[in-house]
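Keeping their order, the protein sequence lines are chains A and B. The working numbering applies: residue 11 is where the first sequence begins, and numbers increase by one. The working numbering applies: residue 191 is where the second sequence begins, and numbers increase by one.
The set of hints was computed from the structure by calculation and includes no laboratory data. Being a predicted model, the structure only gives us computed values, none of them experimental. Idealized CB from N, CA, C, for every residue including glycine. Some hints could be false.
Non-contacting residues of chain A with respect to chain B, defined by C-beta distances greater than 12 Å in every case (computed) [claimed, not checked]:
id : residue
1  : E22
2  : Q74
3  : L120
4  : V136
5  : M178
6  : G189
7  : L237
8  : M240
9  : M241
A partial selection of chain B residues facing chain A, derived with a Cβ cut-off under 8 Å [unchecked claim]:
id : residue
10 : P277
11 : F279
12 : V286
13 : P294
14 : E306
15 : M309
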Amino acid sequence: MSEMIRELFSPELAFLRCALLVGLLAAPTLGVVGSLVVTRRISSLAGACAHAALGGVGLALFLQRVVRLAWCTPTLGAVAGALLAAVVVGVVSLSAKEREDTVIAVVWALGMSIGLLFLERTPGYVDWQGYLFGNILLLSGSDIVMTLVLDAAVLLPMILFYPAVLAMSFDATFSELRGVRTTAIYLVLLGLTACTIVLLLNVVGIILVIALLTLPAATAGCFTRHLWSMMTLAGILSCLFVTGGLLGSFYYRLPSGPAIVVLAGVVYLAALGYSKWRGKR
Amino acid sequence: MTPVIEVEHLDFSYEPGFPVVEDATFSIEPGQSGCIVGPNGGGKSTLLKLLLGLLTPDAGKIRLFGAPPAEARRQVGYMPQYHQLDPSFPVTALEVAVMGRLKPGLFPFYSRRDKETAMDALAELGISDLAGRSFADLSGGQRQRVLIARALACRPGLLLLDEPTANIDPGAEEQFYATLAQLRQRMTVLTVSHDLGFVNRETDVIICVNRKVSIHRAENFTAEAADAVYHHKMNLIHHDHACFCHCGGGHDE
């Protein structure tokens, strides 16, 4: 065990420490946003945002290398793609005239396809697998700063507006009747969800990011009867999943994203089974 | 005195050419309570949404306490049907009830007074012992009473109840009517009932909605009036002072 820890602090493993730090620092955001995504039942919307982010990444890399727009970084592209998807799906779901699930599926597939087409036409090496399944080697100090900024952006409004957020997540119509600006809160939630997804892209990748967002919250939901306690427990669980998954992947030479998600998924299924069994007694 | 609800020549359609509510005119005076009845798809929910200001009429006028619905909202306590809500949402009965005290703006935290108001509302519905329980663990009838408590915590002048008796178990029914009778002393209670089904005995007026809207005094509500709403034969059963209607030709015979 002590050898493990010593190894962890060796200079060659800076990338692992960086990934651990991002994962742990993202816990407050994961707890809060994950719980809202699970209770509002918008995880498929989050999935669409994640895949649309790849569209943004592809376009940004293309512009950077072909059109020589140096400021067009993949991260910027990912944020733009995910936010655009969130706005499109959010507006559609609020007006409720189009078939929401169809629009989500279209945004999902279209975003991913656009990304892959642009990546194909982008010269030079592109680690597209890293975007799909995560590549913690891509993490850097700027990811740590981004994580802290996002934590602040998520926690501050949450603390200031908790009763309104709780009421509108539970019953949007009733909250609207009490004068709460539910549409504004909903759109802010979608924006924060999109940013959270982009942040986690390098840790677990586009395909697995919904799992990391929803599994800690869904697990916490099996044991809690308040939204705030669900958020807290989800944050703690995401710390455990990220740490366990990263260390496990390092010592057993496995890809980190799938390792984190498998750990989270197995714990969730066990929790679900336990809560059903306890409920039956 | 200003009527609690005043509706004049109200038209509404989701799609042009397919009116859902047509030329509705009725009013409910202070001290009166009412029951909205009509077949499924007849426009009851739409009328309710119009009264709440969630939909905008194509033509006509709605006034609650003399003001447009959007302005009078805070005087209205609204209870939706509980199955419209996520049954596994992590929230306790008291946390739901206190939402009736929700205020817009910065720092919308509840005061001790708000919590007392919510507890009083739970007590009035006979469920103060459920305050700390998870909403997800409650039975259908209990959830419905928590939602009525939330509407009461708004301290409303008008209480709108959407299908309040749909999930109440027979044993609790008597107690529920007693509660409604008590509430009627203080405020206008407007209930919505599906498949005509039950017409609340604690009502003054009956508002029949089937695209057209007609209003009847409860004591004059006859089998003929019910037939006119439902376009087919109804059985009207008087059962002490309550008035139950069942669709003719069905299994209720």
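To see whether the hints hold, each was checked on the structure:
Under the 12 Å C-beta cut-off, the non-interface status given to E22(A) relative to chain B holds; the minimum distance is some 43 Å. Here Q74(A) stays apart from chain B, with its beta-carbon at least about 41 Å from theirs, past the 12 Å limit. Its beta-carbon lying about 29 Å from the closest one in chain B, L120(A) satisfies the requirement of being farther than 12 Å from that chain. Distance to chain B confirms V136(A) as a non-interface residue, since its nearest Cβ pair spans about 41 Å, more than 12 Å.
A beta-carbon of chain B comes within 12 Å of the beta-carbon of M178(A); the shortest separation is about 9 Å. With a cut of 12 Å on Cβ distances, G189(A) falls inside the contact zone with chain B, its closest approach being about 4 Å. The non-interface label for L237(A) is inconsistent with chain B: the shortest C-beta to C-beta separation is roughly 5 Å, within 12 Å. The claim that M240(A) is not at the interface with chain B is violated, since a C-beta of that chain comes within 12 Å of its own (minimum 5 Å).
Distance to chain B contradicts M241(A) as a non-interface residue, since its nearest Cβ pair spans about 9 Å, not more than 12 Å. For P277(B), the interface hint is violated, since its Cβ never comes within 8 Å of a Cβ in chain A; the closest pair sits about 11 Å apart. Against a cut-off of 8 Å between C-beta atoms, the interface hint on F279(B) holds, since the closest Cβ of chain A lies about 5 Å away. Because the smallest distance between the Cβ of V286(B) and any Cβ of chain A comes to about 7 Å, under 8 Å, the interface hint for this residue holds.
Hint on P294(B) holds. Least Cβ distance to chain A is approximately 4 Å, under the 8 Å limit. Look at E306(B): its Cβ only gets to about 16 Å from chain A, farther than 8 Å, so that hint breaks. About 16 Å separates the beta-carbon of M309(B) from the nearest beta-carbon of chain A, more than 8 Å, and the hint is not met.
Checked against the numbered hints given earlier, the structure breaks hints 5, 6, 7, 8, 9, 10, 14, 15 and satisfies all the rest.
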